[in-house]
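Fit chain V to the given chain X structure using the hints.
So the protein sequences, as listed, match chains X and V.
Residue 1 is where the first sequence starts when you use the numbering used here, and the numbers rise one by one after that.
Residue 346 is where the second sequence starts when you use the numbering used here, and the numbers rise one by one after that.
Hints are supplied without guarantee of correctness; some may be wrong.
Unchecked claim - Covered by chain V, per the in silico footprint, the following chain X stretches (three or more residues, Cβ under 8 Å): (1) 75-84; (2) 91-100.
Stated by the list, open to error - Quick look at which bits of chain V chain X covers, simulated, 3 or more residues with Cβ under 8 Å: (3) 400-407; (4) 516-525.
Stated by the list, open to error - Incomplete in silico selection of chain V near chain X, CB under 8 Å: (5) Arg454; (6) Ser528; (7) Met531; (8) Asp532; (9) Gly533.
None of these hints come from the bench; they were simulated from the model.
On a predicted model such as this, the values are computed, not experimentally measured, just so you know.
The C-beta atom is built at its ideal place from N, Cα and C for all residues, glycine as well.
The chain contents come next:
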Amino acid sequence: MTLSLSNIHKRYGGLHALKGVHLDVPEGAFYALLGPSSAGKTTALRVICGLETPDEGAVTLFGQRANDAPIQGRGLAMIFQSFALYPHLNVRENLAYPLRRSGLSSGEIDKKIGRVAETLNIQHRLGNRTDQLSGGEQQRVAIGRALIREPQVLLLDEPLTNLDAKLRDAMRVEFKRLHRELGITMLYATPDQLEATTMADQIAVIDDGRIIATGTPQDLYHAPPDARVAQLVGSPPVNLVPIQDRSTAGTWLGFAQLAIPAPEGTVCAIRPHDLTVATGEADFEGAVVLTEALGDVSVVTVQVGDAQLRTVLYGADAARVRIGDQLPLKINHAMYLPAAQCAQV
Amino acid sequence: MASGFRTHDQAGPVRTFFAWLVGIIYFAPVFWIVLTAFKTRADALAIPPKLVFAPTLDNFRAVFFQTSTTGEVTGSGVWLYFANSAFIAGSSVLLALIIGTLAAYAFSRYPLKGNDTYLFVILSTRMLPPIVVIIPIFLVFRLTGLSGSYIGIILLYTGFNLPFSIWMMKSFFDDLNPEVEDSARMDGSGDWSVFGRIALPQVKAGLAATSVFALILTWNEFIFALLLTGPETRTVPVAIASTIGGEIGVDWGKLSAMVSLFLIPVFIVTFALQNQLLRGVTFGTVRK
Numbered sequence: 001m002t003l004s005l006s007n008i009h010k011r012y013g014g015l016h017a018l019k020g021v022h023l024d025v026p027e028g029a030f031y032a033l034l035g036p037s038s039a040g041k042t043t044a045l046r047v048i049c050g051l052e053t054p055d056e057g058a059v060t061l062f063g064q065r066a067n068d069a070p071i072q073g074r075g076l077a078m079i080f081q082s083f084a085l086y087p088h089l090n091v092r093e094n095l096a097y098p099l100r101r102s103g104l105s106s107g108e109i110d111k112k113i114g115r116v117a118e119t120l121n122i123q124h125r126l127g128n129r130t131d132q133l134s135g136g137e138q139q140r141v142a143i144g145r146a147l148i149r150e151p152q153v154l155l156l157d158e159p160l161t162n163l164d165a166k167l168r169d170a171m172r173v174e175f176k177r178l179h180r181e182l183g184i185t186m187l188y189a190t191p192d193q194l195e196a197t198t199m200a201d202q203i204a205v206i207d208d209g210r211i212i213a214t215g216t217p218q219d220l221y222h223a224p225p226d227a228r229v230a231q232l233v234g235s236p237p238v239n240l241v242p243i244q245d246r247s248t249a250g251t252w253l254g255f256a257q258l259a260i261p262a263p264e265g266t267v268c269a270i271r272p273h274d275l276t277v278a279t280g281e282a283d284f285e286g287a288v289v290l291t292e293a294l295g296d297v298s299v300v301t302v303q304v305g306d307a308q309l310r311t312v313l314y315g316a317d318a319a320r321v322r323i324g325d326q327l328p329l330k331i332n333h334a335m336y337l338p339a340a341q342c343a344q345v
Numbered sequence: 346m347a348s349g350f351r352t353h354d355q356a357g358p359v360r361t362f363f364a365w366l367v368g369i370i371y372f373a374p375v376f377w378i379v380l381t382a383f384k385t386r387a388d389a390l391a392i393p394p395k396l397v398f399a400p401t402l403d404n405f406r407a408v409f410f411q412t413s414t415t416g417e418v419t420g421s422g423v424w425l426y427f428a429n430s431a432f433i434a435g436s437s438v439l440l441a442l443i444i445g446t447l448a449a450y451a452f453s454r455y456p457l458k459g460n461d462t463y464l465f466v467i468l469s470t471r472m473l474p475p476i477v478v479i480i481p482i483f484l485v486f487r488l489t490g491l492s493g494s495y496i497g498i499i500l501l502y503t504g505f506n507l508p509f510s511i512w513m514m515k516s517f518f519d520d521l522n523p524e525v526e527d528s529a530r531m532d533g534s535g536d537w538s539v540f541g542r543i544a545l546p547q548v549k550a551g552l553a554a555t556s557v558f559a560l561i562l563t564w565n566e567f568i569f570a571l572l573l574t575g576p577e578t579r580t581v582p583v584a585i586a587s588t589i590g591g592e593i594g595v596d597w598g599k600l601s602a603m604v605s606l607f608l609i610p611v612f613i614v615t616f617a618l619q620n621q622l623l624r625g626v627t628f629g630t631v632r633k
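Chain X with its partners taken away, still in its complex shape (with noise of 0.2 Å):
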């Protein structure tokens, strides 16, 4: 393992941040940390490369314990959600920073800036002041910084974050094309689940402090361990019924009944996906009170009783929907899982 925490715990005073985090990164691996904000994300990010000391637990860089390590020593760069570049330097002279103490000539400090900044096409910018640039250059500048001392390990914080949702879209194929480059290990922290799925070949979520779940994006989404899991992966977000009536006959959702048995504590999970309109027989009939058109698909709600569940139209069904009308509805397939603590729709 190229990065490991163990039982990692963190405090800011009575702010329980960190509740025993346990995550591996193997190397090479783009691994997404999916979790909703103040999940602690971040704190496992500055804890990792040593911006913060954890109170208990361990952090392990390649093999080695690097609870105490210097920042400087453990080989890692970090790519900050504001960007963080220096305001009061040029693009040329942020590149060059981290190059300050590692005692190459200033002939080679241009040679690195110089096939850095061809890497992430910011040649023209060299000279700029840095709020001078666009967000997508100010993006390109901070990848840059991290990247120019060669680090075996990039951890990501919320990247994409302060960045409009078309430059989001460039910047995630960017960052598919650095790691298959560059080969080097990737950690990076998203509030959004798109984000981890499209990205990740694997993916931690955290929750409250804790790692809630590990696995590829598939695992996640086919088979969550629990009802929260199911919750932060998968777009739109999955249907969470709660079970009406449970017999060894089948289960009742207080609007359809599904043949198999639900086991106690479970809550019946839908993707919306698997909720398609029914063209022979119906389990059950909701009324259309939200549509969300997406081109070619549309994100329909309807309500069913107390329930309101999501699914996904397609083609002619998709563009004829209206808010009123009674859609005859199949569920296509359907998962019980454990009621996370805090499932909360």
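Just chain V now, with coordinates in the frame of chain X:
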């Protein structure tokens, strides 16, 4: 930006008029003093006041030279007071700025338990009017032999400028993005390097604003200077005060000439730092 707000376009004639009006009201006393400095005694005391008169340099001559009863002309020693003022104000502002900036950074980045209490205590030393503390300070100065010495008055002014410097510089450091400093740590900088190479260059405007305000306060200070400086360390405000009175009443012309000269250094410093200063005093009023 909401419509109806002027942003970067030029001010309209009404706003320009009022800006000028306020400016003139503020500047009028200074203008009057400078005018009086060039008036003869008769012109200075004329009622109604004269705006048009024959200017004279006699008052400035009186500031720099004195004529004894035997008609002998000697230097008045006013240069010493100007040198004293410059040296005392300059050193104490510099000291307060160095110590205050370091303290402010520490208060901002490495808060202690009860940080706010310490800051309040530091500020509370400025809540007493100087007249209240002058007697104990006078006794302390006499006891320690600091009375009349440069070091004594410089230390006192440094102490008086410190709370202001700490509070002001802290607000500048508080407004910086801490991730920038974290980033510098990741890039291999130690604490001192982060402070000197990353934090300090970002608060240049704050340093300028703080030093100008502290300089003006110190430059103009009168009561401590009056009681705690000796003949060799006397500052200009005390010297100005001593020209008031005498057998012929107040010599307004000489007084104004001295005040005019006294304003010049502060004017120069303020103009030199004007660009930084404007950013300094408006800092924090607009979020980026």
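Next on the checklist: Would the hint on Met531 of chain V be counted as holding, given a Cβ-Cβ threshold of 8 Å to chain X?
Outcome noted: 5 Å, holds
Checklist entry - Do three or more residues from the region 75-84 of chain X put their C-beta atoms closer than 8 Å to C-beta atoms of chain V? => result holds (count 7)
Checklist entry - Once the shortest beta carbon distance from Asp532 of chain V to chain X is found, is it less than 8 Å? => result Result: holds, 4 Å to nearest chain X Cβ.
Item to check | Hint check, Arg454 of chain V versus chain X [nearest Cβ-Cβ separation less than 8 Å] | outcome: At 13 Å from the nearest chain X Cβ, Arg454 of chain V fails the 8 Å test, so the hint is violated.
Next on the checklist: When I compare C-beta atoms, does the region 91-100 of chain X have three or more residues closer than 8 Å to chain V?
Outcome noted: holds (count 3)
Checklist entry - Checking C-beta pairs, does the region 400-407 of chain V have three or more residues closer than 8 Å to chain X? => result The restraint on the region 400-407 of chain V is violated, since only 0 of its residues have a Cβ under 8 Å from chain X and three are required.
Checklist entry - Hint check: is the beta carbon of Gly533 of chain V less than 8 Å from a beta carbon of chain X? => result Constraint on Gly533 of chain V satisfied, holds at 4 Å.
Next on the checklist: Min Cβ distance, Ser528 of chain V to chain X: is it shorter than 8 Å?
Outcome noted: 4 Å, holds
Item to check | Coverage criterion applied to the region 516-525 of chain V (partner chain X; beta-carbon cut 8 Å; 3 residues) | outcome: holds (count 3)
Checked against the numbered hints given earlier, this structure breaks hints 3 and 5; the rest are met.
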